[in-house]
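One letter stands for each residue in the lines below.
2 protein chains.
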Amino acid sequence: MYLPASAPDPHPLDPLHVGEVKVASTAILQHLGVTTKDVRFKVIDLYEPSKDETLKYIHHGAPAPDRRCRAYFHRLKSPILTIAIVNITKGVVENSYDAPDSQGPVDWVEYDLVHKACLSHPKVLEEVAKLKLPAGSRIENDPWSFGTDDHNERRRLFQCYMYLALSDDPQANHYSIPLPFAPIFDGHTLELIDLQRLPTGATDEIDEETQPWDPTSAVEYSADLLGPDSFRKDLKPLQVLQPQGPSFTIQGRHIQWQKWSFQLGWNMREGPVLHDIRYDGRSLFYRVSMSEMTVPYGDPRSPYHRKQAFDLGDSGFGLTSNSLSLGCDCLGHIAYFNGIRVTSSGDPVIMPNVVCMHEVDDGIGWKHTNFRNGQSSVVRDRQLVVQCTATVANYEYILAFVLDQAANLHVDVRATGIVSTMPIKKGVHVPWGTTVAPGVLAVNHQHLFCLRVNPSLDGRSNTVVYDDCIPVENEPQLDPFGCAFKVKQTQIQKPGGYDLDLTQNRTFKILNESKINCIANKPVGYKLHPVPSQMLMMGPSTFNLKRGIFTTKPIWVTKYRDHELWASGEFTNQSREDTGLAKWAARDENVKNDDVVLWHSFGVTHVTRTEDFPVMPTEKMMVSLKPVNFFDINPSNDVPRSNQNENKSTLHQNDSSCCSTRPSRI
Amino acid sequence: MYLPASAPDPHPLDPLHVGEVKVASTAILQHLGVTTKDVRFKVIDLYEPSKDETLKYIHHGAPAPDRRCRAYFHRLKSPILTIAIVNITKGVVENSYDAPDSQGPVDWVEYDLVHKACLSHPKVLEEVAKLKLPAGSRIENDPWSFGTDDHNERRRLFQCYMYLALSDDPQANHYSIPLPFAPIFDGHTLELIDLQRLPTGATDEIDEETQPWDPTSAVEYSADLLGPDSFRKDLKPLQVLQPQGPSFTIQGRHIQWQKWSFQLGWNMREGPVLHDIRYDGRSLFYRVSMSEMTVPYGDPRSPYHRKQAFDLGDSGFGLTSNSLSLGCDCLGHIAYFNGIRVTSSGDPVIMPNVVCMHEVDDGIGWKHTNFRNGQSSVVRDRQLVVQCTATVANYEYILAFVLDQAANLHVDVRATGIVSTMPIKKGVHVPWGTTVAPGVLAVNHQHLFCLRVNPSLDGRSNTVVYDDCIPVENEPQLDPFGCAFKVKQTQIQKPGGYDLDLTQNRTFKILNESKINCIANKPVGYKLHPVPSQMLMMGPSTFNLKRGIFTTKPIWVTKYRDHELWASGEFTNQSREDTGLAKWAARDENVKNDDVVLWHSFGVTHVTRTEDFPVMPTEKMMVSLKPVNFFDINPSNDVPRSNQNENKSTLHQNDSSCCSTRPSRI
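Quick note, the sequences are listed as chains A and B, same order. Residue numbering for the first sequence follows the numbering used here, starting at 1 and increasing by one per position. Residue numbering for the second sequence follows the numbering used here, starting at 1 and increasing by one per position.
Hints listed in this document are in silico derivations from the structure and should not be mistaken for laboratory results. Check before you lean on any hint, since a few could be wrong.
The list treats identical chains as one, so a pair stands whether inside a single copy or across any two.
[Claimed, not checked] Here are the simulated DSSO-like pairs of lysine-lysine, each with C-alpha atoms no more than 27 angstroms apart in a straight line:
1. 620 / 553
2. 51 / 425
3. 233 / 259
4. 56 / 486
5. 425 / 522
Keep in mind the model is a prediction, meaning the values are calculated, not measured.
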């Protein structure tokens, strides 16, 4: 799979390919003067070239900048994370430094080591024995990033939440039987630090002694465990055909579809990333990505107070991406893209099919009927979906970038998977969540995402503004009947966090002030359709907030600088403070008519329901970026009108035989 | 098409059928002792039986209540609207009364009469002559409901907005050339009341004299006018196949699909209505419908200050529904339902295919992967869509009720069509809207909808509550790290309007307090996922607000009473006050543990863009009703897992031939 010499050069923003990973790990080992036995690699990922260099390459035919990667690794004898920037083109380490105060993200090897250490530790087994479990049952654990409740903690810790599975079915739902203790292990030494017992009553108090397991049956989702008689029988197949193939073309990672083009990036942390997004040749966005996501839990009882995952920074949507399978994760004509990760010894591993791309029909895109003669024009809303699904232990996220023919870019986020479950005594209910099965508490929590948008609307100098719709009041001369309203525009001139205001229909827009739409006499722009959400409930004194400032405001604006990609900073695992937006948004610098970044924080406060168990139906959120006076007319005015010759729909014959001459009883 | 004697009896909530319309109009003529020449019928529509009677029929096998209709008509010699309630079963008028103070909705005959009167009136033609139009051009007009700016106006008035079409193409876009005058006609006498000239500058001022037309080309959407070279060439067909047929069954108007069942109602005013909605045999909602929609415009210049359509009350989503066509308005396996209307002489007219029903795939419904072994379960999100599209002059609404397998009921509203256009001098821009083409102003406006939900969650006695998520603050004993939050529930005990509060994640829920989910120890319920929206900007002294109180609060709760269906009251055309929620929500009566109605007002403030012209891409809004501790587990846990055997997706082969051994450049 090594890139043959005859292949075209990679685009500067292409993910690493297999050969490059090996070049990088080899360079690092040479640089350190060690062998693979001395080092555990965690991450080797593209280190994106500077925007200056990349734009020269894209727009002016300058030579491609050198390919570089960023590597995270440990020397085996030390818990300290090392970061190296490697020039892959030259095969040399350009920079290397330790981060003794930070914890890197989790890697699969480490996760596996902790998982096994927990399951085999004598003290854990001793505790398990007290449960007096029936034969055939099986203990499981999910090592969780420890979180933060102490400014001085520097060990790399994992809290292993423990569960019971009642069968060996590969999809037996152990989350249905949470056990009342959660050992803490040191991820570096694999030592047991504490065998923390969990509260199972209404208060913080712990039972004096671990009690024998109170037998209960698991709530299963495994089709094999449920058995064929458990399924509804009346779901008929629905298939999507594209007899002439798809409307997209793929050259390397360059995608073209319906006047759109972009480079499909991918990395361990963010999963799919869209670069250099254009419509009809005009530049729209330099980079659009999911930047971070944090899940604080609302239960004050230890250790739950510490539960706050940063699912991008602590592990990564790329690292945890599923290998997607045909006919399951997408429907229709599907293109797949692989990802790549590094083994602990520095070898590349291809992650097959971590991104899928396909077209969907989303109903009517636009329609008008001339009522005088009944003549109609209908355009369907064809969309291109670029999707990944990430499994972060119990939970799943589905992230999709969705393009449509009206030049809208949507970010479709779905939360699914299994809610994090904690043990609770039968019959006890606490205010911190919902009992979703006997003995199973699903604690209320928030999911707060941060989307990062680096616009380049017709050029690099853009401005973020917001428009408020405000009634004209007390101006009887101008507005005698009191019906008038105006749009008041406010320019954002300094970096910072900004509020939505639904009462004023506040709309954040990105404008290119030097490019005027001559018809509207307004600057060309794109507007953000946000997901208005409750922000973080935890206050300014909490670690929850200090670790992720992005959760406190829905809108952030910063001035662009290379490599400022991750809202809460580079290292979120056991972080004590935010080294991302907290720093960048506090800089006193110009963001008007400049290279700016717009960040949107949004999410759900998830008050759990019985319906969320065993696997929760997707909770959908959609952020959109829509043109506003960017084009002169509806960009989808040129889409061929919908017609039966191509759509080949079928007409349903009414089932009511007695009514065959009387359609639908009329 | 008359109902044969052998056909099963209609369900009490079925729309009228053809025979019934004729029975009703005949009974009215007999009652009045007149012939069809003396009367103009406007509406004959089902008058729904009382809920008491209907529930006895549905649940206790009581005989079907008599079929009744409500008719609106004029005696030709009088402008006064008469309302009659006709017992169709008995063929007699049970009640008949005049509404001298109200205007009924528009009907097609009246619309046509006004339209023609305007186009042929000598004074209008005289004004047109001043435009010195080129040969081959054609004048058009849209008669608009007059609106209200005077408490004493009792004439039935129409303001005819005038346009120019440059070709005889049936889809020539006359909205692209608005003309600077708007005659006002009396809809009863067809007399010209005023030939109002329109402001075309920055202020209210009118040109001294109508100027010759300043030639401009129209922005067209007609495929014939655009010509084949105007269309993108790279859109490939996408087809939806259901080789084993659909998953629904239809008996008369009774629909069953994936554990759901409902009666599909339909009427002239609301279009499709869902009655007696159940899931897995359990009662959920007695009636769900779009109740009203109003569009106030934000331009204070006369006559625009009066523009405020009530598109359900003034005309009706049923009356203006398009006849849908296969392969255009839906894609896949489509069932159609007809509607029915009455001619001015009392004869029934079938409106073919005004509602379509089909299944769609909306991506992943839920997914979980056991990361230990990569084993995945995926359920796709199959949905049933019941849809209509309504053309209200220039504008289109798409209303769809969408059911899914997780027992969610969604109401999907899309706004499309052509924005209302007004003339503006070239080069002039006003703060009230956007110039969307040279000489064409699209004024900013709001679309405010009101959805009506009469729940019956496991019975008729339900309670509306709202839950706020509130941090636990300043309780260091309980919450030492400040991470805890609680759900605070407030019961709604009195009718009225209520606010959303995103800062507290306020969630409105309908509960059956007498039915406890034993697992969660909480009452069974459904929650509303609203569309948080800016409410009406016009203040309490304006007619805009007085005519539709529902626009001022997102949530309303009233006690159920028969026939209280329409948020702004029965007659909205030229209404001066709200006779709906304004009255019902002001009653001092119990709504706790009672038969309650939940109303949700939502919409968009539409600041127009060049991209909205000539036909605007759909603006989508989605309201959802989702179970909350109503079921014991995820209702879609029994959906067969997604699999390629049934889905038959196809794998895309990478286009980059040079990279054929290197998938996606990795």
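A quick look at each hint next to the structure:
no.: 1; hint: 620 / 553; verdict: both (21 angstroms within a copy, 25 angstroms between copies)
no.: 2; hint: 51 / 425; verdict: neither (56 angstroms within a copy, 44 angstroms between copies)
no.: 3; hint: 233 / 259; verdict: between (42 angstroms within a copy, 10 angstroms between copies)
no.: 4; hint: 56 / 486; verdict: neither (42 angstroms within a copy, 53 angstroms between copies)
no.: 5; hint: 425 / 522; verdict: between (63 angstroms within a copy, 17 angstroms between copies)
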